Structures are given as C-alpha cells and as structure tokens.
Amino acid sequence: MTYLAKPKLHHPTLPVNRLGFTRRDYEGKISTLCAGCGHDSISAAIIHACWELAIEPHKVAKMSGIGCSSKTPDYFLGNSHGFNTVHGRMPSVLTGANLANRELLYLGVSGDGDSASIGFGQFAHSIRRGVNMVYIVENNGVYGLTKGQFSATADKGSKSKRGVLNSDESIDMVMVALQLGATFVARSFSGDKAQLVPLIEAAIEHKGSAFIDVISPCVAFNNHDGSTRSYDYVREHNEAVNRIDFIKTREEITTDYAPGTVQEVVQHDRSVLRLRKVALNYDASDRVNAMNYLQQRAQLGEIVTGLLYVHPGSEDLHEHLNTVDTPLNRLGTKELCPGSAALEKLNASMR
Amino acid sequence: MKPIAAVNDFVVKFANVNGSGSASANETFAKSIIRHGVPVSPRNIFPSNIQGLPTWYEIRVTEQGYLGRRGGVDMMVAMNPQTWDADIKEIEPGGYLFYDSTKPLPKSKFRDDINVIGMPLTEICNSTYTDPRQRQLFKNIMYVGALAALLDMDAEKIVGVIGDQYGGKEKLLKSNIHALQLGLDYARSHFECPIGLRVKKSNGVGNRILVEGNSAAALGCVYGGATVCAWYPITPSSSLAEAFSAYCNKLRVDAKTGKNKFAIVQAEDELASIGMVTGAGWNGARSFTATSGPGVSLMQEFIGLAYFAEIPVTIIDVQRAGPSTGMPTRTQQSDVLSCAYASHGDTKHVLLFPEDPRECFDFAAECLDLADRLQTPVFLMTDLDIGMNQRLCEPFAWDDSRSYDRGKVMSHEDLEAAKDFGRYVDVDGDGIPYRTLPATHPTKGGYFTRGTSRNTYAIYSEAGPDYTYNMQRLLRKFETAKELVPKPVERKSAKGSRFGVIYYGSTSPAMKEAIDRLEEQGLNVDAMRVRAFPFHESIIDFVAAHDHVFVVEQNRDAQLRTLMMNEGAIDPAKLMPVLHYDGTPITARFIVAEIAQRLSAFNVQPIKKGKAA
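Taken in sequence, the protein lines are chains E and S. The working numbering runs 812 ahead of the 1-based position in the first sequence. The working numbering runs 141 ahead of the 1-based position in the second sequence.
Because the hints were derived from the structure by calculation, they are not lab data. Given the structure is predicted, the values throughout are model-derived calculations rather than measurements. Misleading hints may appear alongside valid ones.
As the list claims (entries may be wrong) - List time: in silico SDA-like cross-link candidates among lysine to any residue, alpha-carbon distance up to 20 Å: (1) S:K397 to E:R1142; (2) E:K871 to S:K397; (3) E:K1146 to S:E660; (4) E:K871 to S:K585; (5) S:K391 to E:E1156; (6) S:K585 to E:R835; (7) E:K1146 to S:K585.
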C-alpha cells in the first residue's frame, strides 16, 4: 500500500524487548503489495516473532527469489542484510551464505511459483541437505505478479479468476518436505496470527531445515468462489492439529492442561516446545504417522495446520561437513594458506 | 626401409582398452623417462566411457622441451584389436609397432614400411598368473619392461617410480617389479635391443614438476583462500573439485579440533552450484565452482546477477569441445565468448587464460583476489588439454608475505567512522563501490541486494539516471580491471617483423615450438600471449604495430579474434584467424603449415641466414 506514508514517530509507551527494541525497529520499507494481501500479514508475523525473541536484526540474512512473496523481505527487518536473488534459486544462495557464516539466522522467504515450480529442485535439495534455516513459503496457489496464472500448488479442480479449471495435480509442499527429511515442518494460515507467530518462533529456534507452508490468499487473483486458497475457503477448511503454547524452558508454566492434551518436545539445545493438542491422536514427533494423517485429511478436503512434525535431535549441514566453529568468512590468510614450506613438499612429490 | 633413429626425440603411442588398467603403467613409463632427465609430454586421449571403448596415451619424448602435441607416431604399442587398423596406419614410415603376438595375425594386417616387434604378452601372462585381473594388469607393466629394453632405458628408474607408487605395499611392489623384469628379460633375449629410438640420460628437466592442470588449479584455490566450493560433476572439470577436496583434507583440517576450514558441496546441478558460490561470495567467503561449457550455459542467469549485484564469484571453466554435449572428452577453447559476455543484458566479465598447470595454480589464487577486489565474476579459462593431462611445468611457488586482497569491505570501525554508506556509490572513482557483510554493525551498513536496478543506496529504482549511472560505473570498473589482470607476454623475433601472432592458453607449448620452426625457415613473427580479458592496452598496441596479426585459437569461430575486434575496435582485415578445432590439441606442425602458407601468399621471402632483414 504505497499511498500511505508510514509515520516515523511512534507511541512512547510501545513495549521494548530484551534488546531495547520496539516492534517498529523490526519493520522494513512500506509494502508495495495489494491491500489485504496475505503476505503482509506474514511479514507482520515475522516482525512480531523476531521482536518477541529479541533477535539481533543485523544477525539475520533475509533471502528470497522472485515473485510477490520474494519482495517481502524488503518490508521487514530493515536493518538486516537481504538478498533478492533469481527466480526459484533462493535455496542455493541461502545454502552458500550459510556455509560462509554459520552464526546468522537465515530466513528464506519464497512463494509457490518460486519453490514448487521453477525452484522445486532447489527447494527439495536444500531441505534434504539439512541447511539450518527457516524456509517460509507464502502459498497462494497463483502467480500474482504476472496476473493470475495457476501455480503448481493450486488444487486440482479449483477455478481461476478467469474461470479456468485446474486439471493438474497439486504439489503439497508439506508432504514433500516431510519426505525429504525436513526436521521441522509446519503449515499455517496468514489469517491466523495467533497460530503463525509461535510457529515462526519455534522454527527460528529449531536447528536444521525448518519449513513452514503458509496459506496466504491472493486478494487480487485467487480470492473468488471456486478458489481453494481464498480467505473464506481456508477459514472453513482449516483443521489445526495443535497450538504451540511456548518454546522456551525459561518461561514459566502458567496454564493448566487437561491430561493427554499436551505434547512436549525437547529440542537439540534442550529448549522445550509445548504443543497443545487439538487433534488428540496427533503425534508431532512421528513422521510416518504425520504423512498418513495429512493424506487422509487431504482426502476429506481439510487443510491441516499446526506443527506437523518436529525432530528433536536434528543436525545441520555444518555438522555433516564437519566445519570449524568460526564462520568461514572470518578465516584469513593465516588460517587458510598452508604456506611455502608445505608447497615445497608438494612440489617434491610431483617430480 | 630405413628405421627411424632418434635419441630423446620421438613419440610413443599406446592404444589400449578403457578400464584395462593401462593408464597407471603408461604413466609409470612416462615418469621413468623424466627420471632420465628427459622432458616428456604425455596426453590421455580417452572416450566418454568407463569400460570397453578405445583409449590412447601418447607420450612425446622431447629433449628440447617442446611440450605441445607433435602429431605422428614413431612407435605404436597396439594393445587394442578394435582400433588396430587405424593405429597401424598412424605409424610414421620407418617407425615401430609393438604388439601382443599371442594370436597370429595375417600379413595383410601389417605394413611393409614399419618395424614389427611382436611379444606374446597374453601367453606369458596366462602361464605366469592364474587370477584373470592379474593377467590383465601385469600385461601392462610387462610391456613397459619390454619397452625399457628396446629403448635402452635404465630399468632402475622404472623400479624407482614403481617404488614411489607402491611404497609400503610390499606385495604389490614385488609383483609389479617381477612383471617388469619378465618383460625386460623377454625383450633382451628375443629382440635386438636397443632399437633406433633411444632414451639417453640428460639434464633437460631441471626442477620442474609433473602435474595436471586441474590438480594445480585446485591447489591454487587452497592457497588462494577459497573456503566454499560448490560443484556439479562434469567432464573435464570433475577432477578439479575432487582434487580440491583431497588437498583440503590434507592441508586445511584444524589440527586441534579435527574440523574443516572448508565446505564442499556437490550440488544438484550447475544452477545450484553457482547459486551457492554466489551466496557464499555475498556473505564474504571466498568461493568457487569448477565446470565446463554446458555448465556455464546453465549458470548464465546467476552470472548476470553476480555481475549486476556485484558479488565476488570465481568460475573455473575447463573447456571441452562444444556446442551442446559436443565432444566431452576432447579439448577446445570455445567458451571464450560465452564467458566474456555471459548472461542477458549488457555484461562483460574478467577472463584469465593460463598456459599450463603452473599458471593454473597462480591464476586460480589470482582469480579469488580479483573477484574480491572487483566484486564481480572472474573466470579461469583452462581446458581439457591442460586440465586432464600431466604436464611438466615450473614448480609451484608462494610468497609467504602475501596476504589476501579482500577488496573494499567495510569493518565495524569503518562504518562508525563513515559519514555515509551507499552500497553503489563510486567513492574512489575506480568504479568499485564499498560493501558490507551481514553482522558487521547493529545499526549501520545494512542494505538489500537485488538483481533489479537500484540507486546508489541500494534502494529499488527504475529511474533512467539511476540505471545508467550504475551501468556506466560498471564500465569504469571494467576499465580498472585492465590494469589488475595478468599482463600479456611478448616474444619479439630477433630481427623484428611486420607480422605478429597472438595466442593464449593451451596453445602455448605448440606455439613456442612453431615460432622456432618458422625461424628455422627464415620466417620471423613477433608473438604475444594474451593472458586475460579485458585486454590490456599493450595488446591493442601490438596489433597496431604490425601489418597483420595471426590469431591462433582452438575453436571454429575465432572467438578471441571477435572479442579483440569488438573491444579494441580493430580492423577485421588485420586479424587473420588460424583455427584448429577437431578436438585434438593443436600442434606446432599445424601452426607452422598454416602460417607459412599465409605468409607465402603475402609474398614473404624467407630470410637467408646472414642477410639483413
């Protein structure tokens, strides 16, 4: 909404986080997306999550590809470095950036065209490598910037704004992520901030490939009758399996839970994820059951949301590669160059 | 028929079956000659295949140190029935044929004008060994033994090479030496040894080393400080990434923690490998990928991003014969244009052309410095001939006082001191802006990198002046690069000439020999070896100083010539292409014939010795 200038002043009583930052300090430039776009709600959720977790903005790298969703990193965390790369290739750039400096938070933002079509391969391979990242797909089932073509996540049988029926099978990115070994897999809805913010926070805390599929209706091209990605449709068919209540050991337990309604997951760094179960028989630590459950519910036309799978003892690419603790981009000539004496030995072995 | 007689100056070619274990024996043979102090230039001529197809190994023994391919064969070791007829045909009149005579062959399979030496290798192996694999493998080392006797070699030198190869593996060492001895003994008792071709101890090798260009470039990347390597397997570059991995495991593992000061990822394709390299370069780690022509084609979009968003990237292109899949195991210099102008829109990229493994080492390290300094993609343009063949070259050298040039990267202190930071502002007038890395400063220096146009403060902009400012600045930066890249190397003829010749990369050894041959014929040309693009002023001056300049290349379309015409505004009539592109390495014979013929068309009279020019 470019026509509304954002006021620079803000209310003096705005709450600050541990670092002394207000939520406004985590904002970026004014969005140029359409009024009511689901993506802006996701940006707001990212801002909220980063503020709440007191993430240092300069230690975040925002990575994206091309498309409406990929524009959004300009609209949050204005003090962070961002990289708007090429269409469908954000995962490889993120992977390389991550290899260069393992200490940053890598926030990959992509869309369904970017990640399920042109970049399907890169999405898949970054997940299976276990790159330590938060990978958010802002999924609206449509190409917005090029005005309304179906994307690969559009449901079979759904109708485009121009009235065309989609005859292709859709790609469920959550199923793909599960199959490829993502160690944190969630789905949410841009219209459900209460669910989305804790999921983003939990994904940030998670070590390894954390994937969140966020259904994000396109108000311009995919919010009509016959669409399965409209606000109305998603609200009607949204079936949450759980709600994250908190994600840190240091927080006090203040809520009383009925027996059998809570699942706790102790993560790699000993932080605890507390899930309040909505579907009582759903176990978020069982990958095979998660996949079965999702298939069954999809048959019934339900959109299952929540933290669908989390693997507590996950590893990341740096562990697989056994890289040093110091970020590679901080190693200098002294640490990297073996020197002339070693070279002389090598010369001798080549004679 | 007069048998060829030559000491330390002949070509031996081995015709083998791929996967039969011949490569190691042939290499042992080549190295043994070097240990006589005699330079050799070995070349693998191999198919895109793992087992079964024909493969050749050609060794040029060259006292004078001409390391280019000579052409012609003085002795053929014909071990492959599939290629027998063609192999026999290739032998020079008076040359020698060594073959496995276990199965009798009709007279029609031979030639009258060559010397035939048959040894029942299979029969000897079958009676000595029971294991089928041993029968195959020891056949190879056995013919090396026979050749040692025929060529009057010092068998101890071969034993030395085998000893280095199997040091510590006593059983293997013993059995190999036994096989070698069987070959030696048989040849000495059945043939008249030595034959006309002989290896005589010399001191022509000096302290030179024998190494493959791919291995050398990989080592250059280690010394140059590359920490991230992302690659996708493709002939002829795969061995480069594998060598990088091997050298890193040897030289870059932290002694205390056992952890790696490097990260190597075999990506899912070339798009991902260049993407990772771009991401790592953006984030301040020195990174590179190794690929070949088809990979460069796939990387085009990212190369444009790295050019426009100004990200250090090093790409090593081990060129092979294109277009398309082309001839994957044959050499060419046919990616010059596709790399120089890679990607859509107006782009230009820095290219370095190494002549041999030593320059592969030097230039690989140089590329990493240049990429950081210029914040742009830099290509190391090697090829299969340099990359996958062992070549004698000057030993590697490194100045321990050298430290990496990380270019214009602002530190926390710089940001504190600076009044202003604009990512794309040309502060110094050299076209190179300043950059920051994530996590440098909590509130200063953050910016958004994009492939879309932007103003000097990295803010999205489609305003014409913002766009053209940036494009002009990129041109200024390319101008700056001219003085930073390796300068050309000039070789003036003693008497001066109105004719010049320009060449680059793996053409170098053949050209060195060709110039000597031409001079012997009284044909003088001045020569210049181009080592980089953008072209240094002296290259344009060289062309201006001569009436005509031959541009010798290993591609069909005279790509460097096109680049020179385009970038140097040179009259096309002045630049005469000399093109060799059948996939085999260019030879001095070819260059001499081409240039001599063209010169005669210009009515150039050979200068008689003792007469003035």
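Now for the hints, and whether the structure bears them out:
For the given pair, S:K397 sits about 18 Å from E:R1142 by alpha-carbon distance, which is consistent with the 20 Å threshold. Distance check on the hinted pair: E:K871 and S:K397 sit about 28 Å apart at the alpha-carbon level, beyond 20 Å; violated. Note on E:K1146 and S:E660: the hinted pairing is violated, with a Cα-Cα distance of about 49 Å set against a maximum of 20 Å. Annotation: proposed proximity of E:K871 to S:K585 holds, straight-line Cα distance about 12 Å (limit 20 Å).
About 14 Å separates the Cα atoms of S:K391 and E:E1156, which keeps this hinted pair within 20 Å; it holds. Annotation: proposed proximity of S:K585 to E:R835 holds, straight-line Cα distance about 18 Å (limit 20 Å). Among the hinted pairs, E:K1146 with S:K585 is inconsistent with the structure: their alpha-carbon atoms are about 28 Å apart, more than 20 Å.
Comparing the model with each earlier hint shows violations of hints 2, 3, 7; every other hint is respected.
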